[in-house]
Amino acid sequence: MKIFVCIDDTDNIDSRGTGELASLLAADIDKKGWGRSHYITRHQLLVHPDVPYTSHNSSMCFAADIHESQLNAVISHAGNFLKKESAEGSDPGLCIAVSDRLTRPETVIEFGQKAKRMVLTKQESYGLAEDLGIHLSEHGGTGDGIIGALAGVGLRMSGNDGRLRGKIKIDSPNQTIKVGEICAHPSVDEVRNLDGKVIPDDQIIELGEKIKTVLLGGKLILLVMPVEGETGSASWRTCPKNILKTY
Amino acid sequence: MWFVNRKEGRVFLHGKDDPVAAADAAAACAGFRPDAEEEIVADEPVSCYNCRYRRWSADSLTCQKHA
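Top to bottom, those sequences are chains A and B.
Here numbering that gives the first Met the number 0 is used: position 7 in the first sequence is 6, and no number is missing along the way.
Here numbering that gives the first Met the number 0 is used: position 49 in the second sequence is 48, and no number is missing along the way.
No lab work stands behind these hints: they were computed from the structure.
Think of the CB as a built atom: it goes at the ideal place given N, C-alpha and C, for glycine as much as any other residue.
One or more hints might be untrue.
Covered, in the sense of this in silico footprint (three residues per stretch, anywhere, with C-beta under 8 Å from a C-beta of chain B), are these stretches of chain A [unchecked claim]:
| # | stretch |
| --- | --- |
| 1 | 38-51 |
| 2 | 118-129 |
| 3 | 182-188 |
| 4 | 234-245 |
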C-alpha cells in the first residue's frame, strides 16, 4: 500500500532540521524491510505572527510503498522516533495517510492549500483526520506540529507544491548536459521553463551550483531559464536558488 | 540595516528580496551559520537569508542570534 508520511515542528534553532529527521525515518522504513520510501519534499506553510514556528514553517513529506501488515509498525516507530529525536522545545507532529483508503483526498489537499494562506487549528486538523481515517499524533511540546504535518500530506498529494529535499548530483565535466540525459536521473521527470513549456530532449542545459527539482503536476520538474547573449552550446540554464525558493 | 522593536526583536530592514544587503549583513556578522540545505534560498552562500538564526516573518526576517 502507498502511504504518505509527513512530520513538522521537530527542531529548534540549534538542532538538526526536520528534513534530516524525515530522511532518517524514510531510511528506517527501508532498513527494517517494511517497504520502500521515496523522495522527500519540503512544503512551505503560512508565515504569520499567530503561527508558532522555529524559523521557516515548513513541513517535510515522503511517500512509501509498504507491506499492509507493517502499517502499525511504521506508525508506532515513527511516533517513537519523533519523541526520541525531536529537539528540546519543539512541538512535533506526525501524519500518516494511506492513499487507497482516502475517500475524499481533495479535502486533505484543500486543507494543505488553506494552511499556506490562513491560520488553522489543532481542532480542525484532528477533526479532518478523524473523518478521513488519517493517523495524526503529537509527540512533545504543544503538539502544534500536527497542523503542518496534515497540511504537508495534502500538499504532497496535490502534486503541485514543494521542492525536493537535497541537491541532484550530475557528473558532467563541462557542466552541461542534454535534457534527455538529465531526465534519466531518478529525481528528474521532466525539464520545463518558467512558463511551463516542456524542453525537448536534444536541448542543452548549463548546470548551476544547485540542481533541484520541484513538484508540479505530480512530476519532479527541473526548471530552467534561457541563456541569453552568450555563444556557448547551452540554450538553457538551471534556475538559481532565489527562483526555486518560491516553490 | 536592522531595526529593533520590542515585539519582534531585531528586524532586517531590507525585506526578503535584497540579496546584496543580506550578503553584506552576514559577511559582517560573526554569528552566521548556514541553515539546512533545504532552507538555503539565496545564491550567495553567506547571507542572512541562508542563516539558521534567521526567522522569516511576513515581510522580512528577524535575527535570533543577536535578538
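Structure-based check of each hint:
For a cut-off of 8 Å, the count of residues in the stretch 38-51 of chain A with a CB near a CB of chain B stands at 4, and the three-residue condition holds. Only when three residues or more bring their CB closer than 8 Å to a CB of chain B does the claim for the stretch 118-129 of chain A stand; here the count is 0, and the claim is violated. Chain B is given as covering the stretch 182-188 of chain A, and this is violated because 0 residues of the stretch bring a CB closer than 8 Å to a CB of that chain, at least three being needed. Check result for the stretch 234-245 of chain A against chain B: holds, 5 residues qualifying (beta carbon to beta carbon below 8 Å, three or more required).
Checked against the numbered hints above, the structure breaks hints 2 and 3 and satisfies the rest.
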